[in-house]
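Peer 1: Each chain, written out:
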Amino acid sequence: MSMSNYPNRMLLALAGLGLLVTGCNVGSQQGYEPPQPIAYSHAQHAGDLQIPCGYCHSGAERSRHAGVPAVSTCMNCHTQVLPDSPEIQKLSRALAGGEQVQWVKVHRLPDHVYFSHKSHTLTAGLACQTCHGPVQQMVRLRQANDMSMGWCLSCHRASAKKTTLPTALAPSPTDCSACHQ
Amino acid sequence: MTSGLLVAYFEDENGLLRAAREARAAGLKIHDAYTPYAVHGLDAAMGQRPSRLPWVTLLCGLTGTLLAFWFQRWTSAVSWPINVGGKPAHSFPAFIPVAFEFTVLLAALGTVAALFIRVGLRPRVGLPRVLPRVTNDRFALALCTDGEDFNGAAAAELCRNAGACEVSAVEEAP
Amino acid sequence: MSEHALSDLREPLVTEPRTMAGITDEVCAPMERRPSILWTLAFLVAVVALAIGVWAVQHTIRKGIGVWGLNKTVGWAFDITNFVFWVGIGHAGTLISAILFLFRQKWRTSVNRAAEAMTLFAVMCAGLFPIIHMGRPWLGFWMLPYPNTRGSLWVNFRSPLLWDVFAISTYFIVSAVFWYVGLLPDLATVRDRAKGLKRRIFGVLALGWNGSQKTWLRYETVYLLLAALATPLVLSVHTIVSMDFATSVLPGWHTPIFPPYFVAGAVFSGFAMVLTLMIITRKIMRWEHLITVRHLENMTKVIIVTGGIVGLAYGTEFFMAWYSGNMYEAFTFKNRAFGPYGWAYWIMVSCNVGVPQLFWIKKVRTSPWMILILALLINVGMWFERFVIIVTSLHRDFLPSSWAMYAPTLIELAILLGSFGLFFTLFLLFTRVLPMISIAEVKGVLGFAARKREAAAAAKAKAGGSSAPGGVGLPIAASKERS
Amino acid sequence: MASDPKYWLSMADRAGDPALAAEASREFSEELPVGPGAEAGPDPKSRRDFLRIMGLSASALAAASACSRAPVRKIVPYGEAPEDSVPGVAMEYASVCGACAAGCGIVVRTRDGRPIKLEGNARHPVSGGALCALGQAAVLGPYDASRAPGPHIGGAPASWQSLDDVVKQGLGKVAASGQGIRVVAPADLGPTGEAALAALVAKFPTTRRVLSDPLGLEATALAHAQSHGVRALPELHFDRARVVASFGADFLGSWQAPPVHTRRWSRAPDAARPEAMARLFVLEPTLTLTGAAADVRWNLAPSDQLPALAALARALGVTLPREVRAPELAPERVARLARELGAAGAGALVVCGSDDVGTQLLVAAINDRLGAYGSTLSLVGQPVRPEAAPMSSLLAELDAGSVGAVILLGCNPVYDHPQGAALAERLDKVAVTVSTADRLDESARHCGHLAPDLHFLESWGDRRVRRSTLGLMQPTVAPLAGGRAAGESLLRWAGIETAYRDFLFERWRDEKAAGMSGPVLQAAWDSALEDGFWQGMEPEAPEPAFRPEALAAVADAPAPGELELVLYATVGLRDGAMANNAWLQELPDPISKTTWDGTCSLSPATAKRLGVSDGDLLAIEAGGQRVVAPAVVQPGVHPRVVAVALGYGRSAAGSVGDGIGQNAWPLAGVTAAGAGVSLTRSDVKLSRTGERRALAQTQTHHVMEGRPLVLEREAADYARSPGAPRRHEKLTMWKAWEYPGHRWGMTIDLSACTGCASCVISCNAENNVPVVGRAEVANRREMHWLRIDRYYSGDPAEPGVVHQPLMCQHCENAPCETVCPVLATVHSSEGLNQQVYNRCVGTRYCANNCPYKVRRFNWFDYAHDPHLRLALNPDVVVRSRGVMEKCSLCVQRIQSKKAAARAEGLTVADGDIQTACQQSCPAQAIVFGDLNDPKSRVSRLTRGDRGYRLLEELNVGPVVSYLVRLKNTGGTP
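Chains A, B, C and D supply the protein sequences, listed in that same order. Position 130 (the first sequence) corresponds to 1251 in the numbering used here; numbering is contiguous. Position 56 (the second sequence) corresponds to 124 in the numbering used here; numbering is contiguous. Position 390 (the third sequence) corresponds to 391 in the numbering used here; numbering is contiguous. Position 376 (the fourth sequence) corresponds to 386 in the numbering used here; numbering is contiguous.
It is possible that some hints are incorrect.
[Stated by the list, open to error] As a list, the in silico DSS-like pairs of lysine-lysine whose alpha-carbon atoms are at most 30 Å apart:
1) K335(C) - K740(D)
2) K84(D) - K1226(A)
3) K1283(A) - K84(D)
4) K107(C) - K215(C)
[As the list claims (entries may be wrong)] Heads up, incomplete: computed chain B residues facing chain C, CB under 8 Å, no partners named:
5) P104
6) Y105
7) P122
8) V166
9) D205
Because the hints were derived from the structure by calculation, they are not lab data. Ideal Cβ placement from N, Cα and C applies to all residues, glycine included.
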């Protein structure tokens, strides 16, 4: 009818473009905080009690996978501590061959990404919190970063610029095959 | 806006051309002419100046070229330089085709957009005012009636002499 | 562009006396009457072909490209052959519109609209193939350089395929705009004839066109500018398509002759397709006076020239294969002509080099039926040209260990059929819903035709002969006084 | 029918199981379940699936659907974490390969308890790290779903306890009645297996052993029993030989221990001193890998083998007690052989693949005459093979009714013996019949009971390769089917309840570690297990003397036939025991390049005479049996010879191997003495059936068309003028990219490469290369990242053959990279051509533009069998349909070695990183390393005189270099 249609149309077009542009970030899992089968608190274990991350996630410095502790690892303490708590009972039942504990995976990289915890912890000396956020403050685990490729790269690029190491020893490659192999 | 128009209708372009020339010679102010096809020579007859739209084309085209070259260079050599087939990050010759295409694209879209904006063509739900049969087989010359010394009868006579088949007054320009 | 640009030596383009209203009625008639049986039949056939193609495409996407006959050695065959074929077809339309417009070739007026529509539909068909030929077409949008969360990972501007994305989409957009801008006055004409819903639809489409001279002035300027932009664009598009091959390392592809060779070939095949469509249309619509034999003849002349260029290119390729002393190149061309796909090569040569030579004969190039048959043969030949370039170069390249044969599957044939279905469905719909001939432009040349007839009649009368409307061809200097 | 797409395109097509279909339809299949990170219940409707269903609808939809959250995944933790296994970290175990009798040392790489890769054990004293294609492929064995889930009694599943009871009772009854118990077994069960068998014999004294020797290898041992008094196969030291003559022994491809022979024969070290290069003569009826590697190769009809050897023996001065007719082999050829072998003396070696004892006696006589015993071949220290009767005697006994029980121990005679059908008929009537096959195979189906054996990766065991060297086999995965070690079964039936592992340990302790105890013993045992072998003292004994009187057993040769039959073991399947292995079925025959079929090879001349072309189905008739096989017109076949592949035509191998080709063993002859089988015969009839079965070949054009692809030079010429092959001046308009760190490169020595295809299988295993099946191979869509091109040259009757392994050349100016619109293939900072599968949209332009045609496209979702998925390498992503893939130069190995070095603050040293193909190459033809390091092996070889790049004139700059093939023909052939 009149020029007044134009702004609307422009808005619509912009919104469409915006969707396209941000499209891939929309799928990000940042902020994902699923309920877990056991009311386990990282804030209590890693924060208040200051149990080192590696005590439970023992693969973090040895393997690709940080790993989830075996039920027996929990029971190292919990045979003594709060053995009668209903949450701990779930563990005892699992250990006795009952219903298994099925943790909900929070941090998920796609299968086409090769990621090694060891290279980032042991070799690069990064703190777990660098990627996982302040886990020691989280009662229920939440994904702190979007863990997109751009997010990985931002760090890899920055540290590649800073390094004084010889190229062969330099960390944080930005080659595709560093992660996609 | 004009308060009213005197519209003369013609069966062929020659009458229109003659009327336009004579009206201008007589000092009448021509509001516009309405024709079913582009009548050649009418611009001169009405004393229209050539359009400045080619400048828009040039501007848009140049913008396209520069934008495309800059963007290709930025993505390939600045934002994330990647070794592709051993070619340098800024592979200028390889960037020419896209730059060319983008030049044409922006120039074409810009020109048409400029035309539409300039002449007020836009999708509209209601129907525009259109003088009868001017999109089919009649030519119309619209003369402004708001001049100080406008003489409607003389103007109508001028048009009839030039070959107008009908002369009428309309309230508002199409 | 004033009238004196038209030489009096030329024959009028509208061979029967018509009034402007008559032209309007005539061109708009197909949109206003019920479809003829012939049209309905043709439309049904086209839609069935399209449906078969749609099924084949969805089958391909569901199962994988493996349903085609491709293999590790021949990675492209029917898909890209069809793509290049359709892009080539899509060249004549804009060429007729733009280049002939720039060269003041007024005879383009009655064919340009349909030719442009043909361009658009052909480019649609062409655009289909690069998308479906991908292993994962649903990720095709990765070819667009948009900011993303992958760091941003952009696209490879060095890839001819990316150039294609830009070239084909630009070509489509600019052609569509050019076509639409050309349609505007006619849309208004239709709007002003129509009633009810149709009037409202055309009202929206016509953007409020009212025939104002202020608009016409700028419109003509813009149309000229668009033509000037479209002309290099047409040439660039097929140049870029040819670079899909020319920038590779494969013998038979890697050759600098490709850009002009492809452009000439595209114009060649495009004109053949325009001829095919026009001859059928003028017959069905009874528009022999609007699309005259002269139109057809002019187009056959373009075909002779471009066919000659194509033939020269074939010869040059062989010469270079021998002259370069490159054994891979030499083998490729020997294999092309005398290898397992030699039959395709000889179809290509006879259709593209042999057939156009018949147009040297006046009788042939003024006989619509002969032209139709030859034009169809040329289209077949041009399809095979792309097949020969793509398949015979790929199937035996550098390492004999990987040499392989390719044969299309039924699915691929169905997709080719479907692309014709899509093309003709769109074209047939176009003949029903839009004015097929540029009403405004034909009216523009009507006055000239009328004057020519009058002058001829006057001359005849002076000579004591009887006047015959539509009599043509006498070079008479007298023209109507204008002042 | 074998012509059907036997391997499946999708699991759904095969099984019709919706769950499997859902599994198979997922793009980028989920990673393998990993230890405590094992994820429960992957969502079958993933986002990618949704997208694919929606297909064409463009970007807006894609963007919209990206909004959806990824599916919820669960982690089930261990209850108790297993000791010393860290999830995600590979464990390696040394063991012994059980794929054939050669007993090569292997290293088994496991991830999270699953073997995923077998590699040669470089420390092994005999195999030295070599492993053949079969060995590489054996990693699929434990995951073979066609294995029997447990013991069967009378065809019905049963428990081990009840089986043992039934068998023990049955055997006891038979023994008590004085009837015979016959154990049909291969010649070598390993010392512990032999001991277990001995225990059974002790328990049931009527037990006798019958030899299962489908390929007739025992003839050599039997000949040496007569000529040297030792029933043993001599150890062959090709590395010490200056002149080798092979009479139909495909020692590099399928005869005895090919990887060991290949490692020893390898030309890689020879090429460094071309003036002293050894020479290989091969005289054979059909073209084999050994013939392809020969310096001088002559066709020799099977019926002419004995006369030719006799003529050679005479020319060398051996006195033959009996006249043998003159050979067809040209006298000047015999003279040349005699001259060159004679000149080499103790540096000469003659080997023969014949299954005829007389022929092998002649060979022994010639080697003895040359003084080769103690030099190039040796009987000292070789394990003595047990006494065993030939199969024909078993049939006679069965007919006579004197046998009450038959135990088939790790053999399948119903399938792989010419009289298999007769045996099957008779087995059905025997009171007690037990098979220890791991599945209900052809023979087991005719046995009352099945006591399924374990796969060698699941089992304890040992293998004596030399008397001084004991290979130790240890389990690397818990038994996945319900099997039990065959040796353990024997022990149970003999009434010994010791666990097989303990039995093995005790025997080892008593024999090898006598006098040790406590921690010393434990340390010795641990060390032996860690090494994978126990190396004792080499015996210091003189070679046994040759007994000339043994030559009396040499008979005259049979008359030549109009058409002669040669049944041969293929490089991929050998005796067909592993026919259910999809990798081996899809492995192109190194010579004919056919897959998924047992073919019948004819010389071009014969094919022309009979009007036969490739793929024509031919009926081959001999000894009243008829076998139909597709023809392959094969250069290098003797014009009178029809060569038919063995190992195909399994009917009870499993879902993969059944019905592939036809079994050719029924065509073989039976001999009463010796090996019991004759794989050649002179009375064969050939006819066309008029039908065709298109071959699934990976290469269909066999000559180089005069192109400089494989460069060959005569060694003597080369020694005189070792100039480099032509190198091209390079011009460029670009400034080259710099590779400041590593710059990976590879060289392939064409002199060394024999085309054995071990690398191909190794690559399959390492890189999760899918199997595509017969129909897809026939469509030329095999997925192998590494292929071996084979070209013929010269006279098709006796052609020259060259092999050229070809993988991605990782070009510096990669033509594939330039044309990819989405940057899915780009260069790494270390000079690798990277293919990013998850970025690929599948335009295939890269493959078209690859001059080497090494890129492979996933035309469909090539299903990984849900069981075989367990053997996938978790470090390499599984590619989905619609994406391109190719060799990455094992980038995952590069990355992991670099990461390991970096964790220690070191850089990788030359030789640290081995690609899978390099590691597996028995001939050590492949060298990988850093081209930036001027001292690395790969740098030196690349720069060396023989280095050249394939299609160098294209200036694509491959980082893979080939080393010119040196051939030592000595001039005129």
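Peer 1: Hint by hint, say whether it matches the structure.
Peer 2: These are the hints, each one checked on the structure:
Between K335(C) and K740(D) the CA atoms are separated by roughly 28 Å; this keeps the pair inside 30 Å, and the hint holds. Our distance criterion of 30 Å between C-alpha atoms is met by K84(D) and K1226(A), whose separation comes to about 5 Å. This hinted pair does not check out: K1283(A) and K84(D) have alpha carbons roughly 38 Å apart, beyond 30 Å. Note on K107(C) and K215(C): the hinted pairing holds, with a Cα-Cα distance of about 23 Å set against a maximum of 30 Å.
Interface hint at P104(B): satisfied, since its Cβ lies 6 Å from the closest Cβ of chain C, which is below the 8 Å cut-off. Because the beta carbon of Y105(B) sits about 4 Å from the nearest beta carbon in chain C, less than 8 Å, this interface hint is met. A cut of 8 Å between beta carbons decides the hint on P122(B): the least distance to chain C is about 6 Å, and the hint holds. Because the beta carbon of V166(B) sits about 5 Å from the nearest beta carbon in chain C, less than 8 Å, this interface hint is met.
For D205(B), the interface hint holds, since its Cβ comes within 8 Å of a Cβ in chain C; the closest pair sits about 4 Å apart.
When each numbered hint is compared with the structure, a violation occurs for hint 3 only.
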